[in-house]
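**Student:** Below, each chain spelled out in residue letters.
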Amino acid sequence: MSDFFGGIAQAARLILTLDPDLAEITLLSLRVSLMATLIASLIGLPLGAWLAINRFPARRTVIALLNGLMGLPPVVVGLFVYVLLSRSGPLGVLGLLFTPTAMVIAQVIIITPIIASIAHQAIRELWADYHDLLISLGATRRQRLITLIVDGQRPMLTASLAGFGRGIGEVGAIMIVGGNIDHATRVLTTAISLETGKGDFEMALALGLILITLAISVNLVLHTLNRTERGSRW
Amino acid sequence: MSDFFGGIAQAARLILTLDPDLAEITLLSLRVSLMATLIASLIGLPLGAWLAINRFPARRTVIALLNGLMGLPPVVVGLFVYVLLSRSGPLGVLGLLFTPTAMVIAQVIIITPIIASIAHQAIRELWADYHDLLISLGATRRQRLITLIVDGQRPMLTASLAGFGRGIGEVGAIMIVGGNIDHATRVLTTAISLETGKGDFEMALALGLILITLAISVNLVLHTLNRTERGSRW
Amino acid sequence: MVSWLSAEGLSVRRGGRTLMGPVSFDLTGDGIAVVMGPNGAGKTTLLRALHGLERRRGDVRWGDAGLAAGRNQAFVFQSPVLMRRTVLDCIAFPLRLDGVARAEARARAEVQATRVGLRVDLGGAVEDISGGEKQKMAMARALIRDPGIMFLDEPCANLDGRSTCEIEDILTQIRDSGTRIMMSTHDIGQARRLAGEVLFLHQGKLEEQGIGDTFFDAPKSKAATAYLRGDILL
Amino acid sequence: MVSWLSAEGLSVRRGGRTLMGPVSFDLTGDGIAVVMGPNGAGKTTLLRALHGLERRRGDVRWGDAGLAAGRNQAFVFQSPVLMRRTVLDCIAFPLRLDGVARAEARARAEVQATRVGLRVDLGGAVEDISGGEKQKMAMARALIRDPGIMFLDEPCANLDGRSTCEIEDILTQIRDSGTRIMMSTHDIGQARRLAGEVLFLHQGKLEEQGIGDTFFDAPKSKAATAYLRGDILL
Amino acid sequence: AEDMKMSVTTSFANSGLADVLLPEIKADTGINVQLLIVGTGQALKLGAAGDVDAVLVHSRPAEEKWLTAGNGTHRREIMYNDFIFVGPSDDPAKAGAAEKATGALQAIEAAKAPFVSRGDDSGTHKMEKRLWTAAGIAPEGDWYRAVGQGMGAALNTASGMNAYIMSDRASWLKFANKGDLKLVFEGDPILFNQYAYMPVNPEKHPHVKHDLAEKLEAWLVSDKAKALINGYTLNGETLFTFNAKTE
Ligand SMILES: Nc1ncnc2c1ncn2[C@@H]1O[C@H](COP(=O)(O)OP(=O)(O)OP(=O)(O)O)[C@@H](O)[C@H]1O
Ligand SMILES: Nc1ncnc2c1ncn2[C@@H]1O[C@H](COP(=O)(O)OP(=O)(O)OP(=O)(O)O)[C@@H](O)[C@H]1O
Ligand SMILES: [Mg+2]
Ligand SMILES: [Mg+2]
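First to last, the protein sequences are chains A, B, C, D and E. For reference, each letter of the first sequence is one residue, going 1 to 234 in our numbering. For reference, each letter of the second sequence is one residue, going 1 to 234 in our numbering. For reference, each letter of the third sequence is one residue, going 1 to 234 in our numbering. For reference, each letter of the fourth sequence is one residue, going 1 to 234 in our numbering. For reference, each letter of the fifth sequence is one residue, going 1 to 247 in our numbering.
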C-alpha cells in the first residue's frame, strides 16, 4: 500500500511543481485523444444513427460486428496500423509511423466502434419516438439522420465521452505505433507502462492519478457546458 | 501487408488443427472475461439504474466521475490491484496474485464503470417514461430499480456486452496481476503481447483475429437469444 | 359535513412560474368531484399535485387517513403510460408490486380487462393497441387494486360513445360502493351526468366551486358561464 | 364526379393479423371526409395507410397527382409526437425541413400558434405544456406547410369547447380554400358539423359510406345505427 | 509437481532458452517453474515484495543494491550472453568498421544516425548508458530516440525507423520483424552480459518457497544445465555461455 500513498504524494508533487515533462506528455495525451475522439465521433455518431434508422438484411450482423469490434484488442489494432504504416507497408511513404498522427489513427480505429455502438443504442429509442413524424413530413434520409443527431445531443455526448475515455486510457496500440519516444510520442499511458517496467510503481500510480483526474475533468466540463443549455430531459 | 495475410492463414491453421495451447488460452480468456462481466453487471447495472432514478446533490459529479472512470488506464488498475494483492499488500495472505481470480478482479474494476455508465444512459430514458406510473403506484425504491432493469433488458444487454468487449480485449491490467504465466494465466491478449515482443506479427495478428471472432460471436449469440423473445422495440 | 379532502393554499410552481394555484377548497359530498376548465387551466396539475406527483406548496388534508396512503390511490393519466410489456402484464403490474403471484395477478388483470370492455389480444405488446384501447388499459390498471380514491384525467377523451357509457357506469358503481373519485373532463355532458361537486379552474385559479346540477344550470362566475356556453375565454 | 381519392382492396396486416380492410371506396365530394367507428375499428390504421405510414396492400389512387407527394400531405397524430425542442421549434420544424431559414420559420410558426389559439410560452420545452396545448401544437405544425391534404386523427379529443370550435373553424376555412381533409373523431356532434362524406368502419371493415346529414339521420347499416345511438357494439 | 515463481527479464524469455530448460527442470526436480516476464526493475520489485520465489536478471549494480536491502539470500552467476549493435543493412554510420563498442557509438553519434535507446532503466539500458559514458558522449538530439519499451518492442521500433539499436544477441536472433536491420557490431568483451540468479530472502518473506528456489539453483549450476545452456543454438549460433562456479 505504501506505493499507493506514495503515488498520491508523488502526483501532488508533480502537479505542484508544474513538472515540464509531465506537462508535455499530458498535453500530448489530451491532443491525441481529443483529436481521435473528434474524428471517431464524426464517423461513429452518424454511423450509429444510420444503423438505428435503416432496416436491411444484414443489420443484426452489422450491429453484432460493431459490438464485437468494441472488443478489438488495442495491441492488434496497433499491429495492424504498424503493418500499414511501416516503411514496407502500403502507406509507408507517408512516414507517419512513430508520430502522433499514427497514434490518432490507431485510437480512431479503437474508439469508433464504441461511439457508434452507444450512439446506435440511444438513437434507436429516439427514432422510435420520431419515426412517424419524420416519415410523415417527408424528411429525406439525410434530414432524418441530422434531426436525430441534433435532438440526441446528450446521448451523443455520452457516446463521445465514452470513446474519449477509452482513448485516453489506452496504451497497447499507441505504444506500438507511437513508440513511446521521449519528447516525441510519449503520452501518459505509455509513460505509466515505462515506470511500471522500471518497477517505479509510485511514479506509475502518480501518473495514473493524474490521468484519471484529467479524464474526469473533461467529463465534468463537457457535461456542465452541455446541461446548462437545456431542460431536465434533454 | 504480408504479415496481415500471413496472420489470417496462421489463424486458420491454428483453429483447424485445434491447437491445444490455443484452446487453453482461449478458454481462459473467455472464462475470465465472462466472469468479470457477470460480476461487473451485477454491480454496474443496478448502480447505473440507481443513478438514473435518484436525485441527490452530488449526482452530476458522480456521473462525471463514472464517465471519467471509463477512462481508467488498465495499467493503473493493474498496479492498484497488484499493490492490494501483493504479498506485502493488505490482501497478500490470500495468495491471489498471479491467478485468474486476480485477473477477474482487475477486469471488474475496469468494466464496471463502463457498464454502469451505459446502463445509466439507457435507464434515464426509460425512467422518464415510467416515472409517473411508478411513483403513482407507490413502487418502493427497490421495485422501481427492478422494474427498470427488467424492462430495460435490451439496453442492459448492450451495456454488459460493451463491458465484455472491453474486458476480453484488455491486456495492461491482467498482464500485471496475472503475470502471463504459461499454462496458468496466459490469455489471448497477453499471448498477443508476447508474440508482438518477439516480433512474430503473424502469430500476434492470428491470435488477434481469433479474439475478434470470439468477441463478435458472443455478441451475435447473445443478441440472437435476446431478440427472439420479444417484439420489435423491446 | 366533514370534508374528505381539503386543500389550503395549494399551488404548484415550476421554474419560477406558478402553474396552478393557490387554490383552497373542501370536498364534502360523496359524489364524484369533477375538475373543469379550459386547456391549460391547471386541471392536470391540480390532480397530480393532490396525488403527490408534483412538488406542491400549501396544505392537503385527507379526511380518512387510509386515503393518504399511496397504494390506496390510483391515477389514470391523460396520456396512458405504456410499459414495455404485454397488455395483460401492464394491467397486472400494480398487483405484482403488491407481491401477488404472477398467475393470480394475470387472472385478475383479465377480469379487469373484460370489465372495461378491452377486447384485444391481451398477450400482445401494449404499444400495439389503438388509442382508445390504451385508455381502457390504463383504466383497468387503475381499477385492479380496488383503490380508495381514483384520480382520472380526461379518461374518456379517446373513447367511443359506447365505451364512454361503460366507463361512466363503472365509475358510478365504484362511487356507490365507497370509492372517492376526482376527475377532469372536457365533455360537458359527461360532467353533468357524473358530477357531485365541481371545481372550475381558470388560468390556474379556482374560479368557482359548485354542486353538480346547480353549477351547470346557473354558474356564478363569468368564466364558467362562458366556458359552459363553449364561448370565448381568455 | 371524379374521385380525388380512391382505395381498392386496401388492407393492412401485421404479424399475420389483418388490422384493417380490405376496404374500397371513392371520395368525390369536396367536403371533409370523416372516418367514424368504435375503438379499435381501424380508423387510425386507415388514415395512416392512406398517408403511407403503414405497409399496405391494395391500391390507393389520388385524383390530383400533387396530393400524392409526401410533403403536400400533413398528419395530426392521435397522440402528438413531441420533439426534444421548444414549442416554437416543434411547429417550425416542417419548414426547416423545407430549407426555410430559422428566423423566418420561427416567425411563421408564431403565426400558426396564434391561429390555433396556442397561448403558452413558445420558447419553453414542448414536453412542458398541457395535453390540449400539445394537440394544438400538432395542429399548428400540420398547418404550417399549407398542405394539399390534411389527415387528422381525433384532433380535438383533449380540447375544451372553445378550442374545439376554433379548430373546426380553421378546418372549414381551409376546406373552403381547397385543402382536402380526412379526419377521425368520436365526437358525433363534431362529425355532424363537419362531415361532407362519412366512412364508417367496424372491426376493420367499411360498414357504410355515406353523405353527411343523410348518414347521421338515417344510417343504413345496423352497426352505424347502433354506434350513433351510443349503443351496444361488438 | 510443485509450482514456484521466478521473475525474469524479457531478454531471457525471448531467447527461447526457457522453453528448453523448463521441461528439463520439471522432469529432473519436479518443479514447475512459472515465469513472470517483466522489465528488470519490475522483476526485482516483484522479488522485493515477496511475490516471486527467485529472480533471474542481468544488471549487477541493481542486483547488489537489491541484496543489500535484504531482499535476497545471495547472488549466483549462472551464464552470460553478449550485446550486439544492430543497424540499417547499409550501415550508414559505418559503425561496423569500429574496433571497439565505444568506437561504434562514436561513429553513430558522429553521423547523427537514428539510434533507439531502450530508455527504460533495464539491464540492457544501463549497459548502454555505461557504454556512452565510456565513449565520452552524452547522447542527445533528434537522432537519439529513448523509447521506454521492452527489448522486443524497442526492436520493433528500431525496425520501423530503420535505426541503430543495442540488443542482447538472443533477442535479436529470435526477433522475427528484422525488416532492413542487420547485425553491425559484435565481439567487444565489454559487451558481455552476466545473468545472475537470486533466491528471495525467506527471512523477509516466510511464505516464499525457499527450498524450491535452492533446488532450482542446484539444478541451474549442474552439469546438465551447463550442457543444455552451452548447447542451445539459434541459426547455428551459441547464445549463452554457462559460467556458474560450482563451489
Ligand atoms: N412540466 C411543466 N412545466 C412547465 N409548465 C407546465 C408543465 N406542465 C404544464 N405546464 C403549464 O401549466 C399550465 C397548466 O397545465 P395543465 O396540464 O395542468 O393544464 P390542463 O388544465 O390539464 O390542460 P388540458 O385541458 O390541456 O389538459 C399550462 O399553462 C401548461 O402550459
Ligand atoms: N401496431 C399494431 N400492431 C398490432 N395491432 C395493432 C397495431 N396497431 C393497432 N392494432 C390493432 O388494430 C386494430 C385497429 O387499430 P386502430 O388504431 O386503427 O383503431 P382505431 O379505430 O383508431 O381505434 P381508437 O378509436 O381506439 O383510436 C385494433 O384492434 C388494434 O388493437
Ligand atoms: Mg390536462
Ligand atoms: Mg385511433
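Hints may be right or wrong, so weigh each one.
[Unchecked claim] Among the chain A residues that face chain E by a calculated CB cut under 8 Å, a handful are: (1) Ser88; (2) His131; (3) Leu194; (4) Lys198; (5) Phe201.
[Stated by the list, open to error] Pair ranges (Cβ atoms, derived): (6) B:Arg55 / C:Gly70: 14 to 22 Å; (7) A:Ile146 / C:Gly99: 42 to 50 Å; (8) A:Thr17 / E:Ala69: 27 to 35 Å; (9) A:Thr61 / C:Glu127: 20 to 28 Å; (10) B:Ala9 / E:Leu183: 26 to 34 Å; (11) C:Gly99 / D:Gly124: 55 to 63 Å; (12) B:Phe5 / E:Lys26: 47 to 55 Å; (13) B:Phe5 / A:Leu225: 43 to 51 Å; (14) A:Thr61 / E:Leu183: 43 to 51 Å; (15) A:Ile146 / B:Arg55: 50 to 58 Å; (16) D:Arg17 / A:Thr61: 22 to 30 Å; (17) E:Pro139 / B:Arg13: 41 to 49 Å; (18) B:Arg142 / D:Ser177: 32 to 40 Å; (19) A:His131 / C:Pro22: 37 to 45 Å.
Derived from the structure by calculation, the hints contain no laboratory data. These numbers come from a predicted model, not from an experiment. The beta-carbon is built from N, C-alpha and C at its ideal position, and this holds for glycine as well.
**Student:** Indicate whether the distance between the beta carbons of Ile146 (chain A) and Gly99 (chain C) respects the range 42 to 50 Å.
**Tutor:** Holds - the Cβ-Cβ distance for Ile146 (chain A) and Gly99 (chain C), about 48 Å, lies within 42 to 50 Å.
**Student:** If I claimed the Cβ atoms of Phe5 (chain B) and Leu225 (chain A) lie 43 to 51 Å apart, would that claim hold in this structure?
**Tutor:** At 47 Å between Cβs, range holds.
**Student:** Do the numbers back the hint for Lys198 (chain A), that is, is its least Cβ distance to chain E under 8 Å?
**Tutor:** holds, 4 Å
**Student:** With 20 to 28 Å as the target window, see if Thr61 (chain A) and Glu127 (chain C) comply at their CB atoms.
**Tutor:** holds, 26 Å
**Student:** With 32 to 40 Å as the target window, see if Arg142 (chain B) and Ser177 (chain D) comply at their CB atoms.
**Tutor:** At roughly 59 Å between Cβ atoms, Ser177 (chain D) and Arg142 (chain B) fall outside 32 to 40 Å, so the hint is violated.
**Student:** Does Ser88 (chain A) hold up as a contact with chain E if the rule is Cβ-Cβ below 8 Å?
**Tutor:** holds, 7 Å
**Student:** Has the hinted range 14 to 22 Å been met by the Cβ atoms of Arg55 (chain B) and Gly70 (chain C)?
**Tutor:** holds, 18 Å
**Student:** Does 22 to 30 Å hold as the CB distance between Arg17 (chain D) and Thr61 (chain A), or does it fail?
**Tutor:** Since Arg17 (chain D) and Thr61 (chain A) have Cβ atoms about 29 Å apart, the given range 22 to 30 Å holds.
**Student:** Holds or violated: 26 to 34 Å for the Cβ distance of Ala9 (chain B) and Leu183 (chain E)?
**Tutor:** holds, 29 Å
**Student:** So the hint says 27 to 35 Å: do the beta-carbon atoms of Thr17 (chain A) and Ala69 (chain E) match that?
**Tutor:** Holds, at about 28 Å.
**Student:** Tell me if the interface restraint on His131 (chain A) is satisfied: Cβ within less than 8 Å of some Cβ in chain E.
**Tutor:** violated, 50 Å
**Student:** Between Phe5 (chain B) and Lys26 (chain E), does the C-beta distance stay in 47 to 55 Å?
**Tutor:** Cβ of Phe5 (chain B) to Cβ of Lys26 (chain E): about 38 Å, so the range 47 to 55 Å is violated.
Checked against the numbered hints given earlier, the structure breaks hints 2, 11, 12, 15, 18 and satisfies all the rest.
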